[in-house]
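Protein chains: 2
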Amino acid sequence: MGGPIGFGIMGCAEIARKLCRAIGIAPNATVVAVGSRSPDKARKFIADNGLPATTRVHGSYEALLDDPDVEAVYVPLPTSLHAHWVIAAAGKGKHVLVEKPPALNTAELDRILEVCQINDVQIMDGTMWMHHPRTAKMRDLLSDPNLFGQVKRTNSIFCFNGSPDFLQNDIRVKPDLDGLGALGDAGWYCISSILWANDYDLPKTAIAFPNPVKNEAGVVLSCDASLHWEDGRVATFHCSFLANLTMDLTIIGSKGTLHLNDFIIPFEESSANITFASDSLLNDAVTAWATLSQKHVVSTDLPQEALMVTEFSRLVSEIKESGSKPDYKWPTISRKTQVVLDAVKASIDSGSKPVQIVF
Amino acid sequence: MGGPIGFGIMGCAEIARKLCRAIGIAPNATVVAVGSRSPDKARKFIADNGLPATTRVHGSYEALLDDPDVEAVYVPLPTSLHAHWVIAAAGKGKHVLVEKPPALNTAELDRILEVCQINDVQIMDGTMWMHHPRTAKMRDLLSDPNLFGQVKRTNSIFCFNGSPDFLQNDIRVKPDLDGLGALGDAGWYCISSILWANDYDLPKTAIAFPNPVKNEAGVVLSCDASLHWEDGRVATFHCSFLANLTMDLTIIGSKGTLHLNDFIIPFEESSANITFASDSLLNDAVTAWATLSQKHVVSTDLPQEALMVTEFSRLVSEIKESGSKPDYKWPTISRKTQVVLDAVKASIDSGSKPVQIVF
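Keeping their order, the protein sequence lines are chains A and B.
With my numbering as the guide, the letters of the first sequence map in order to residues 206 to 564.
With my numbering as the guide, the letters of the second sequence map in order to residues 206 to 564.
Incorrect hints may appear among the rest.
For identical chains, the list gives no copy identity; a pair is met inside one copy or between any two copies.
Unchecked claim - PhoX-like mimics (lysine-lysine), calculated; alpha carbons at most 25 Å apart, straight line: (1) Lys419 - Lys460; (2) Lys541 - Lys246; (3) Lys246 - Lys409; (4) Lys297 - Lys500; (5) Lys305 - Lys419; (6) Lys305 - Lys342; (7) Lys297 - Lys525; (8) Lys530 - Lys305; (9) Lys342 - Lys541; (10) Lys534 - Lys305; (11) Lys246 - Lys379; (12) Lys460 - Lys500; (13) Lys558 - Lys409; (14) Lys246 - Lys419; (15) Lys419 - Lys558; (16) Lys460 - Lys246.
Hint data in this document are derived by calculation from the structure and do not stem from the laboratory.
Values in this document were obtained by computation on a predicted structure and should not be read as measured data.
Just need the whole structure built from these sequences, with the hints factored in.
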């Protein structure tokens, strides 16, 4: 068995701190190089994040991609740069862990996925919560027809309070950097959780709510949408940079109800809760509940971001050592999420017309 | 000071059991008579609910209304009968506590309210949760600009699993009895909670989601809608007879988030919780939360339905003893709720067109 997968970090974005730590914790991954247009920034990043002094500094992303010890790159760049740099990385045979949203739209993502496929390169987007063991435990609960039944209604909320500086200067409010705004950033999580809850069965229609809040440059700061399946299932989501930090996932089935209030980042690193109720009933007098929800506690040795890196690196190792083809499970999930995001965006742009979702 | 307000119960509906107990518990109310088209049913109701043997039995609603000891009536009849019997009661000077929804539509409610006003009769609808001290405590939290700020997003869910018998035979699925179905029954609570959260500032527009589930007779069994304010506030609700019992109220403000999972009927009779978070933040590493929500516990000596009866009876006593005019706070809340319900119904009937809300 080979050693850990050597990662190159492309740029010193704020989020890269978290992934740098995760790569350090993951047993099968290690940071070997940092690339930045400013070598001083890269050196500071290496020092600030406790990386060994032997970590290589590259003064350009091209140089990072030419480093033979870099087997995989982590791409935390603004969304508008993803296509260029992921395609460049894949072209050089580097596996890619890319921040979400992986692309500005599905057409762009398809170009990315095609190049990855041609080059036998693994790609995964950085949606961490799906790698927490709590998520697997939730799947067990939802899959049990006696406990949960069929999913009927999903509601997902991710909002946080952007500071005045964030709302003025963050890349996520700039049309040329992260033009999808709150929909691409916070909304990605909402859509991913809704698709997850519905076992990746795609809705038929997306309808954005009228009058999303946009900044002067037309970037969405807050929006809502509903998703509709042919069998009557409905989901709603709310994503916003303009309200108190909230991360709600509610999944209601014919026989059960699941609640999380921290679905994206668990309240605590080492364990996370699921609030789950089944066959809920009131008492005979209809004055209180006869049944109460249960709290399932799921512990984890590694934080979810390290589990994501571990899973990605495992797939890369299999390609490297056993000549496996890249796994297509994760990119398919990315693509489904992006397809729904596109439909919501199209509905926003059309003034809330229903938009058909075609995979 | 006079004695307790004498109540007549109009019909022996299932829900009347709960209110009968509540009238018994309320310190300023007492059941003096039960009216039913079947005197045997009324006698059984009196025995089953532990009412004194002196409780009068009336073989018709007319006779109940002619009983001089009946000062107020509780009307748990199907919605389609409300207008007729509330107007009859008010015409005889009886105060009225009427089950929700108080009417089939606003025009009908306005006829009811007019007759009550002309006859100086107090009317209140049976929305119990608003009378729980938890609701007042929630108002304190939401009113604090430092804790909650401005409301941005409200989500309310009330669904329960109707049994096969319920879905076939309950009055709430019959077009000629409770033609508003899940919208009138469960949806009333959702709308009332959304209006409450927004301090009764009415939304401008209601948009029903496409394809609500209806039974063969066209009665709504499950539906959703969004409500929109001119300043960008948004609310959604889901009401259904087809999913596991769930009673969620989520209110997100610029600085705080409030969660209840039992807003209509608290998990326990003697105390109820509020989950409230303010200025929520993640830790520096963005791997967990730096702040957690607080649980506020609100105890109550009387269950909320008895507090509702107490408040209603207090208003009736003031009219009786001090010659006060009927209080218009509660009927105004009823009317606002009914106006929004009408708009949602109109949107459903128009195939999800946005409907303007005019008070």
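Hint check results:
1. For a Cα distance limit of 25 Å, the shortest separation of Lys419 from Lys460 across copies, 20 Å, qualifies, whereas the shortest one inside one copy, 39 Å, does not.
2. Neither within a single protomer nor between protomers do Lys541 and Lys246 lie at most 25 Å apart by alpha-carbon distance, with minima of 36 Å and 59 Å respectively.
3. Taking CA atoms no more than 25 Å apart as the test, Lys246 paired with Lys409 passes in neither setting, with 46 Å inside one copy and 51 Å between copies.
4. Proximity of Lys297 to Lys500 under the C-alpha cut-off of 25 Å is found in neither arrangement, the shortest distances being 47 Å within a copy and 53 Å between copies.
5. When the C-alpha separation of Lys305 and Lys419 is checked against a cutoff of 25 Å, the pair qualifies only within one copy, where the shortest distance is 21 Å, while the shortest distance between copies is 39 Å.
6. Taking the shortest Cα distances, Lys305 and Lys342 sit within 25 Å of each other inside one copy (24 Å), while across copies they are farther apart (40 Å).
7. In this homomeric assembly, Lys297 and Lys525 come within 25 Å of each other (Cα to Cα) only inside a single copy, at 15 Å, whereas the closest approach across copies is 88 Å.
8. Only within a single protomer do Lys530 and Lys305 lie at most 25 Å apart by alpha-carbon distance; the minimum there is 23 Å, versus 61 Å between protomers.
9. For a Cα distance limit of 25 Å, the shortest separation of Lys342 from Lys541 inside one copy, 22 Å, qualifies, whereas the shortest one across copies, 43 Å, does not.
10. For the homomeric pair Lys534 and Lys305, the shortest alpha-carbon distance inside one copy (16 Å) is at most 25 Å, but the shortest distance between copies (50 Å) is not.
11. Taking the closest pair of Cα atoms, Lys246 and Lys379 come within 25 Å of each other only inside a single copy of the chain (22 Å); across copies the shortest separation is 70 Å, beyond that limit.
12. Proximity of Lys460 and Lys500 under a CA criterion of 25 Å is satisfied intra-copy only: 17 Å inside one chain copy versus 27 Å between copies.
13. Taking the closest pair of Cα atoms, Lys558 and Lys409 come within 25 Å of each other both inside a single copy (14 Å) and across two copies (19 Å).
14. Proximity of Lys246 and Lys419 under a CA criterion of 25 Å is satisfied in neither setting, with 32 Å inside one chain copy and 61 Å between copies.
15. For the homomeric pair Lys419 and Lys558, the shortest alpha-carbon distances inside one copy (18 Å) and between copies (24 Å) are both at most 25 Å.
16. In this assembly of identical chains, the alpha carbons of Lys460 and Lys246 never lie at most 25 Å apart, being 54 Å within a copy and 34 Å across copies at closest.
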